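Asker: Residues per chain are reported as follows:
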Amino acid sequence: MSLPKISSSSAIQISRIMRPDDANIAGNVHGGTILKMIEEAGAIISTRHCNSQDGERCVAALARVERTDFLSPMCIGEVGHVSAEITYTSKHSVEVQVNVMAENILTGSKRVTNRATLWYVPLSLTNVDKVTEVPPIQYEKKELEEEGKKRYEDQKLERMETKQRNGEFIVPSVNQEEYTVGYSQSSLIHLVGPSDCTLHGFVHGGVTMKLMDEVAGIVAARHCKTNIVTASVDAIDFHRKIKKGCIITISGRMTFTSNKSMEIEVFVDADTLVGDTQERYRAVSAYFTYVSLSKEGKPLPVPQLVIESEEEKKRFEEGKGRYLQTKAKRQAHMQSLTQQ
Amino acid sequence: MSLPKISSSSAIQISRIMRPDDANIAGNVHGGTILKMIEEAGAIISTRHCNSQDGERCVAALARVERTDFLSPMCIGEVGHVSAEITYTSKHSVEVQVNVMAENILTGSKRVTNRATLWYVPLSLTNVDKVTEVPPIQYEKKELEEEGKKRYEDQKLERMETKQRNGEFIVPSVNQEEYTVGYSQSSLIHLVGPSDCTLHGFVHGGVTMKLMDEVAGIVAARHCKTNIVTASVDAIDFHRKIKKGCIITISGRMTFTSNKSMEIEVFVDADTLVGDTQERYRAVSAYFTYVSLSKEGKPLPVPQLVIESEEEKKRFEEGKGRYLQTKAKRQAHMQSLTQQ
Amino acid sequence: MSLPKISSSSAIQISRIMRPDDANIAGNVHGGTILKMIEEAGAIISTRHCNSQDGERCVAALARVERTDFLSPMCIGEVGHVSAEITYTSKHSVEVQVNVMAENILTGSKRVTNRATLWYVPLSLTNVDKVTEVPPIQYEKKELEEEGKKRYEDQKLERMETKQRNGEFIVPSVNQEEYTVGYSQSSLIHLVGPSDCTLHGFVHGGVTMKLMDEVAGIVAARHCKTNIVTASVDAIDFHRKIKKGCIITISGRMTFTSNKSMEIEVFVDADTLVGDTQERYRAVSAYFTYVSLSKEGKPLPVPQLVIESEEEKKRFEEGKGRYLQTKAKRQAHMQSLTQQ
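Protein chains in written order, with our numbering: chain C, 14 to 353; chain L, 14 to 353; chain Z, 14 to 353.
Okay, chain C solo, but in the shape it has when bound:
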């Protein structure tokens, strides 16, 4: 068997089987899964091309994706074939065209599901602010180069225009004062996938706890702006089960700070989006304690939480109560150990 030859401008093909985790509960592969495969193919082919001549080593960075239509959904068990080709180069950018095909390996049927055009810019490996030069490609016909140049000019113009489109921030946490509860408060959404679930179709408790710790860590990092690690987790009760296909919102807010620790309250709320009965309910809640570490791994002082309301003050006092209780328990435990 001979090895496939690879030239700097030759096409690349990425193929893989679509798995349950790539799809929604109806079995349709997420558009995002396909976009990720498309970009991986584009990044490989353009990085390879931009390094095909002697000179500075670079990595191609995605600058723009043209409008993309999803002509037909892909399904679990089908094989997605993504093939990419370089179709135009300017001095500092590469145009890649990508075709996506779905193949049902059981019936043998194939269909085109996507076509996409991506623009890459090569950035120097040693100096990421430097754009390196792109080696020119050979065109089969002169018209192909001219059409490419037109696409290049068009996208350049559009990029200029859309650079303005920014709008306000949807999540307004930046407008808050530092060290307040609102400043570090965070929440994330997670769409429950097959691998998150037991044979019953309910979310593993461990998956929920991992997401809770993730949110708590983001809150702690936003507050301290240092390397933070989990020190302890309060008892967690799992009041209600969370079903496959739900959307869960995990929210965290700081409740208390001592000299060297922070307490973060985390809530998990489940939305049964699709189905007969739609409801939203609190599934789990817990307190996480974090500490801030220096680069050498030593505990750092924690900036004190700025309290702005009666509610926050009440929660702070309750947190202080839990903190002092734990401290007392630990000291009693230490004493009992030394007296033995």
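These are calculated hints, taken from the structure and not from any lab test. A portion of the hints provided could be inaccurate.
Identical chains blur together in the list; that is why a pair holds if it fits in one copy or across any two.
Claimed, not checked - Below, a list of computed lysine-lysine pairs in the BS3-like style, where the Cα atoms sit at most 25 angstroms apart:
no., residue 1, residue 2
1, Lys104, Lys254
2, Lys273, Lys340
3, Lys254, Lys154
4, Lys238, Lys257
5, Lys143, Lys327
6, Lys123, Lys238
7, Lys238, Lys254
8, Lys326, Lys273
9, Lys308, Lys256
10, Lys342, Lys162
11, Lys308, Lys257
12, Lys143, Lys162
13, Lys163, Lys340
Bear in mind that the values here come from a model prediction, so they are computed numbers and not experimental data.
Starting from the known structure of chain C, fit chains L and Z onto it as the hints suggest.
Answerer: Below, chains L and Z without anything else, positioned relative to chain C:
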């Protein structure tokens, strides 16, 4: 070959190497990664035990985790060993005690990093609302049973009490009226990990697009409450790079609905949390179009977006403009095809 | 841009960038990551071929992987290209040959890292105990068919033989002396999830091999306390299928050390926890060979295994036999190459 039998009460051990994606940029394994391993060990041993006698098949569901301390952080490249043992059973619940040890396989050093206690309840596989009976375990000494019973009573009491702790919803989107922009508006946070990044240490464009599609899909599903799929993505410009260790917030809101499609605007904002210069900036934005599908895969009518402000009205009109423009282009393209 | 044509017997290529999570801390991609990609390519091409004629729909299940050498380690950031081709078919089995190439897209250098031969058996989608018929392939020359037939007969014989290799269970022990078998012996447990499985609901062979390589790597690292990489994998027979929802225990122990290599025996045992019939059975077993590398990537001497029992001595001698046989084969192969 006869394999040694595993007795229902025997211990279980889960071990695995800690990988870059399990840890933060300082190399400390996330507490959540360890909590997830702990729970996996607990779920296996308690499910095995609850099915050890003839009778209804069941899966053990996590009901409660006792307070857990993280004595020392684990690092990338170390092997985490999680060992679990059943220490008490009541009629309908199982107590599992778990020890976590970190082993540096290069130096041979080992240390205890965690101890945890988890409570499971067996749910019937055929009827998830039915709690099945737990086979009793044998205790080496009578005192062990008595101590277990005390822990059981204590946690039962605490569970009753904490069932009340709920507080308000941090993200108040539920209070919104259905079909408004605010009702379906969603955002998710992602902590950029090593596997999200290029050799430069910048996020792959494909990773960003996958998250954008995920948020857009959640917005669309919240609006329609049906099976939804990506129909197209507008041109996306990547204005600014996103660095490893950043926190990115991906937010989506509905801008426009036609009879059979929805347009969702998605923003990606990056926070450079840790480091010398802290800033928050808009990295990417784009419009996604989704359609709603019936169980048979046919397009369904989309509920009309309810507009509540001048801002929303302006965005709706702009969305309508994009929709009509795309439609016109497609018709022109079709005509050019038929005339060829 | 024209679409790639796919015929039932045409080759397939799977390519992707190697990420941090695919590799050890020294940056070398795990052998298991590559075995998983190899098996994915093999499963796609053989399932496609077995469904290329009208008749019962089936999924190709991995039955055996021939001895595989890892000629050179792959690194993070390189692109792995896995190309597979069907080279022989019998009535009920398919032989797939796979080439793996590493491409450094920054320097343009490419090298072959692996060659592998896999055997698949098609199982009916509706009745997994039924093996369906394989459509014959066309051979370019008559000799190719004859050579294939010989390989088919050889592997059939070997499969019969190795079906016996089972041995006792590996039970972990901690407080062992360094360099003994017990000291490095390791096992890990994995709960089979949906994304580990084929459309049938059985674990992909590639998923199993990845876990086997992970355990073997932990055993090797514990013994050497250095950067270790997979050098080769002995032929692996997949005696029994593993079903979704099973718990699998993967155990490894060192059997033999030469001056510069270690042989590790790995067992995969499946527990059908939930379901009508609960049983535990040996599903797969294999020998992995690892080498120890210095920071510069040069092979290091391996500490000799300390033998403590008659059993261990017997396994050591058998390992030595396999080692000498492989060495002799390689030398014969080299001579035949130089004489050509």
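Asker: So, for every hint listed, does it hold in this structure?
Answerer: Evaluation of the provided hints:
1. When the C-alpha separation of Lys104 and Lys254 is checked against a cutoff of 25 angstroms, the pair qualifies both within a copy, at 21 angstroms, and between copies, at 21 angstroms.
2. Proximity of Lys273 and Lys340 under a CA criterion of 25 angstroms is satisfied intra-copy only: 13 angstroms inside one chain copy versus 53 angstroms between copies.
3. Proximity of Lys254 and Lys154 under a CA criterion of 25 angstroms is satisfied in neither setting, with 35 angstroms inside one chain copy and 35 angstroms between copies.
4. In this homomeric assembly, Lys238 and Lys257 come within 25 angstroms of each other (Cα to Cα) only across copies, at 15 angstroms, whereas the closest approach inside a single copy is 35 angstroms.
5. Taking the shortest alpha-carbon separations for Lys143 and Lys327, neither the intra-copy value of 39 angstroms nor the inter-copy value of 39 angstroms comes in at or below 25 angstroms.
6. Proximity of Lys123 and Lys238 under a CA criterion of 25 angstroms is satisfied inter-copy only: 14 angstroms between copies versus 30 angstroms inside one chain copy.
7. With identical chains, the CA atoms of Lys238 and Lys254 are at most 25 angstroms apart between copies only, with a shortest distance of 20 angstroms across copies and 34 angstroms within one.
8. With identical chains, the CA atoms of Lys326 and Lys273 are at most 25 angstroms apart within one copy only, with a shortest distance of 19 angstroms there and 49 angstroms across copies.
9. Taking the shortest Cα distances, Lys308 and Lys256 sit within 25 angstroms of each other only across copies (19 angstroms), while inside one copy they are farther apart (41 angstroms).
10. In the homo-oligomer, the alpha carbons of Lys342 and Lys162 lie at most 25 angstroms apart both inside one protomer (21 angstroms) and across protomers (21 angstroms), since each shortest distance falls under that limit.
11. Within a single copy, Lys308 and Lys257 get their C-alpha atoms only as close as 40 angstroms, which misses the 25 angstroms cut-off; across copies the closest is 17 angstroms, which meets it.
12. Taking the shortest Cα distances, Lys143 and Lys162 sit within 25 angstroms of each other inside one copy (23 angstroms), while across copies they are farther apart (51 angstroms).
13. Proximity of Lys163 to Lys340 under the C-alpha cut-off of 25 angstroms is found in both arrangements, the shortest distances being 23 angstroms within a copy and 23 angstroms between copies.
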